[in-house]
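Protein sequences, first through last, are from chains S and B.
The numbering used here applies: residue 1 is where the first sequence begins, and numbers increase by one.
The numbering used here applies: residue 1001 is where the second sequence begins, and numbers increase by one.
Hint data in this document are derived by calculation from the structure and do not stem from the laboratory.
Virtual Cβ for every residue (Gly too), placed ideally from N, Cα, C.
Among the clues, some could well be false.
Claimed, not checked - Label-pair distances were calculated between CB atoms; the ranges are: (1) H83/S with V1007/B: 39 to 47 Å; (2) Q255/S with T1050/B: 18 to 26 Å; (3) R1046/B with G37/S: 34 to 42 Å; (4) G1128/B with F201/S: 47 to 55 Å; (5) E1077/B with W33/S: 28 to 36 Å; (6) V1151/B with Q260/S: 48 to 56 Å; (7) A1018/B with F201/S: 43 to 51 Å; (8) A65/S with E1032/B: 22 to 30 Å; (9) A1158/B with D161/S: 40 to 48 Å; (10) G36/S with A1161/B: 37 to 45 Å.
Here's the letter readout for the chains.
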Amino acid sequence: MSGQSERPAYARGESIFRPLELESAPLQPDPEWAWGGATGRGVRVAVIDSGIDAAHPALDGCIDAESGVAIRLDHSGIVTEAHGPHEDAFGHGTACASIIHQIAPEARITSVKVLGATLGGRAAVFLHGLAWAIENGYDVINLSLGTAKRDWALSFHELCDRAYFRGCFLVTAANNIAEPSFPSLYASVASVACSVARDPFEFHANPAPPTEFLGPGIDLEVAWRGGGTRRVTGNSYAAPHIAGVVALIRSKHPQLRPFQLKATLWATATNVRAGDPKPISSKGEDAPLSSSRSSSAIHDIYWAAPSAERKRPS
Amino acid sequence: MSGPDPVVQAAAEAARRATRAVGARVVAEEGEQMISVAVAGETGWRVGETVALDADGVGYVLASAQPLSVADADSPEGTPTLCVPCIFDGDQLGAIELVGAPGQDAFSIDQTETAALFADVAAAALAGRAGPAAGVPTARELASELARLEVSDPLRYASLARAVNALLA
């Protein structure tokens, strides 16, 4: 029976109840199933950062400059949006976009510029930029930044939940220093720290959240503003590696919800496929880079351990 | 004009030595400006000078509260830089900027974490300068957030926004 009265009360409205679109998926997806043959075509990625140098030769015209937006806060507390092409204030956003483009060459990238206009009101501008990207339904949103201001934690939590329910996949960089930062501590995002891996497709699952994944981020050569290149290190550059992989997965499996995307990332992580419980970190050790003061309990490994070594959750 | 704060100055010097940098400076936010408040080592930097908001390294770090280690990949003689935020009680008050010798490798993760320790010390000193208001969202930040909530969730926030606007009027 499938009468409406049998649905939970909150699902009775016709506007919110839809049949599931199921696709046959393997119990443990591998990279071939997940993104084999995918290029990112049809996927829209928002990079919330310092702007993007859209004319940089390394980006091959993948930036949808007309759809970009630069956000700032004026002195009366009004947030303003300037739509269309804009510059990269520092080079950081160009670097993130170039990493995503390297992995998902046919994904279209939009710049949401929230850094660089002024010093004041950074958290409010960042929050507005994230809200804008969610309202505009971007498939993947890269946040290689965060705020340490606890006053804004609840607002970011609410927005990240909204993104999750709308199907926008948020990838955030974990804080590079041992301080909590938002929204990287939330379950509704994929939080990423850097590892010593060199292969752009080599990423690791961290069994000790809130940092859930580790991607390449040490001594990378990336595009920078003004057509240049820089050698850089940090979690900022690990996050777009995961964003690029998610763009590939979404282009091949557009129906996947955020929790399924995260599960696919976990199943295809290098250390999980190898049955190795220890992810490789920024120092080649078994701990992530300062993801938070409470997240390095690497000994409580359950998920990624081979079955014979699994510890029972207490 | 008084000289640099001795604790901030000591943090700059110690960070420079610990990371084997050629030069170091502490940049602090003062209103909408960034001011160099302590300098150590062999650089052209001066205490009291204004730093451009779009400065490559320190500008990004002050805007994002994330450290940044960068070396010029286009020029082997380029100087690497490392910038680390000075955060106290969740509020970003400034940054330590370190510069290496020409041709030197980029600063490492270990050096970043070392510099962050001295940035914590500098941040505590800067917080003393900034006074008790540091860390509190500004009125315009709060007004902006309330305006957003009023639109995104009017059921919960519209009446609150009306009440606050009435008080502000």
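Consistency of the hints with the structure:
Between H83/S and V1007/B the Cβ separation comes to about 46 Å, which falls inside the hinted range of 39 to 47 Å. For Q255/S and T1050/B, the hinted distance range of 18 to 26 Å is not satisfied, since their beta carbons lie about 53 Å from each other. At about 57 Å, the CB distance of R1046/B to G37/S disagrees with the hint of 34 to 42 Å. Against the hinted window of 47 to 55 Å, the Cβ-Cβ separation of G1128/B and F201/S comes to about 48 Å, which satisfies the hint.
Checked against the hint of 28 to 36 Å, the C-beta distance between E1077/B and W33/S comes to roughly 48 Å, which is inconsistent with it. At about 31 Å, the CB distance of V1151/B to Q260/S disagrees with the hint of 48 to 56 Å. Hint check: A1018/B to F201/S, Cβ distance near 36 Å, so the stated range 43 to 51 Å is violated. Between A65/S and E1032/B, the C-beta spacing of about 28 Å keeps the proposed range 22 to 30 Å intact.
A hinted range of 40 to 48 Å for the beta carbons of A1158/B and D161/S is inconsistent with their spacing of about 20 Å. Between G36/S and A1161/B, the C-beta spacing of about 50 Å breaks the proposed range 37 to 45 Å.
Violation of the numbered hints given earlier is confined to hints 2, 3, 5, 6, 7, 9 and 10; the remaining hints are satisfied by the structure.
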